[in-house]
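Start from the sequences and build out the full structure, keeping to the hints where you can.
Number of protein chains: 2
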Amino acid sequence: MKTKTFPTPQDCEAAFYEALETNNLEAMMEVWAEDEEIVCVHPGGPRLAGYEQVRASWAAICASGQRLKVQITQPVITQSMMSSVHSVHETLSLASDPKASQTVVATNVYMRTANGWRMIVHHAAHAPELPRSSDTPMILH
Amino acid sequence: MKTKTFPTPQDCEAAFYEALETNNLEAMMEVWAEDEEIVCVHPGGPRLAGYEQVRASWAAICASGQRLKVQITQPVITQSMMSSVHSVHETLSLASDPKASQTVVATNVYMRTANGWRMIVHHAAHAPELPRSSDTPMILH
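Chains as they are written, first to last, in my numbering: chain A, 84 to 224; chain E, 84 to 224.
No lab work stands behind these hints, which were simulated from the structure alone.
Just so you know, not all the hints are guaranteed correct.
Any copy will do: because identical chains look the same in the list, a pair fits if it lies in one copy or spans two.
Straight-line alpha carbon distances no greater than 25 angstroms define the calculated SDA-like cross-link-like pairs of lysine to any residue that follow [to be verified]:
#, residue 1, residue 2
1, Lys182, Pro220
2, Lys85, Ala98
3, Lys85, Ser163
4, Lys152, Met221
5, Lys182, Gly127
6, Lys87, Asp180
7, Lys182, Leu223
8, Lys85, Val159
9, Lys182, Met112
10, Lys85, Gly199
11, Lys85, Gln162
12, Lys152, Ile222
13, Lys182, Ile222
14, Lys182, Gly199
15, Lys182, Asn107
16, Lys85, Glu119
17, Lys182, Met221
Predicted model, so just to flag it, every value in this text is computed and none were measured.
The structure is reproduced here in structure tokens:
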């Protein structure tokens, strides 16, 4: 069913964020592996697992009509033969109001499949605007 | 410097949560790869990258003396030769008050190293208690 092939994890990631910016559901789902073990967590949201749940969430986001601009910074990448693990900061703003932005930290995991690289995890969470090293991290609030 | 070896990603994950429950910093840092590309995100916190930042955050947590109980449920795992990607729900409670609990969704990534399996990513975020499929996911709030 997949028609696109991504030769590298970076191609896959670029296509993911382009699909997000253009609200293109079909392009978004080309990026994902067609698998029951894919996982997507939107900021503040529940864990979604499997192709159907992940597709349904992106269908709702794309249908909302909210046009976003996404700037990716500070990538930290661990790549091996079959997988590539990316941590990035996403600076998200409305296309209609680029000055108001939010920062999201995202873990994106890609796997090499028989059909090129595909995304298997997107875990996004709101991040404090400016990390302060003096803060004591809390696990349980 | 590492003295423990974890033959499987599951051994590594078990050691991670045991170290968390026992506030054992040395055991916690045995779990992590000694690498500049490791990434840790505590719930609501900034992205920490590299061994020193990650160690400092766990040192603060272990020093807090807050004793947690952690129950792991609903694992979704994608394992390959060199990497293993785990999505889990953590039910966290205070050892002193087991009835009050919070749910965290965590993405844990392990890599096979020359010295057994090690953690390279722990990304944790507070999750809604009960995922509601009718909610429209929001990326920008």
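Evaluated hints:
no. : hint            : verdict
1   : Lys182 / Pro220 : between (29 angstroms within a copy, 23 angstroms between copies)
2   : Lys85 / Ala98   : within (14 angstroms within a copy, 39 angstroms between copies)
3   : Lys85 / Ser163  : both (23 angstroms within a copy, 22 angstroms between copies)
4   : Lys152 / Met221 : between (31 angstroms within a copy, 14 angstroms between copies)
5   : Lys182 / Gly127 : both (23 angstroms within a copy, 23 angstroms between copies)
6   : Lys87 / Asp180  : neither (32 angstroms within a copy, 52 angstroms between copies)
7   : Lys182 / Leu223 : between (33 angstroms within a copy, 13 angstroms between copies)
8   : Lys85 / Val159  : between (28 angstroms within a copy, 23 angstroms between copies)
9   : Lys182 / Met112 : neither (29 angstroms within a copy, 40 angstroms between copies)
10  : Lys85 / Gly199  : within (10 angstroms within a copy, 35 angstroms between copies)
11  : Lys85 / Gln162  : both (23 angstroms within a copy, 22 angstroms between copies)
12  : Lys152 / Ile222 : between (31 angstroms within a copy, 11 angstroms between copies)
13  : Lys182 / Ile222 : between (32 angstroms within a copy, 17 angstroms between copies)
14  : Lys182 / Gly199 : neither (37 angstroms within a copy, 47 angstroms between copies)
15  : Lys182 / Asn107 : within (24 angstroms within a copy, 44 angstroms between copies)
16  : Lys85 / Glu119  : within (16 angstroms within a copy, 35 angstroms between copies)
17  : Lys182 / Met221 : between (31 angstroms within a copy, 19 angstroms between copies)
Going down the numbered hints, you'll see the structure goes against 6, 9 and 14, while the others check out.
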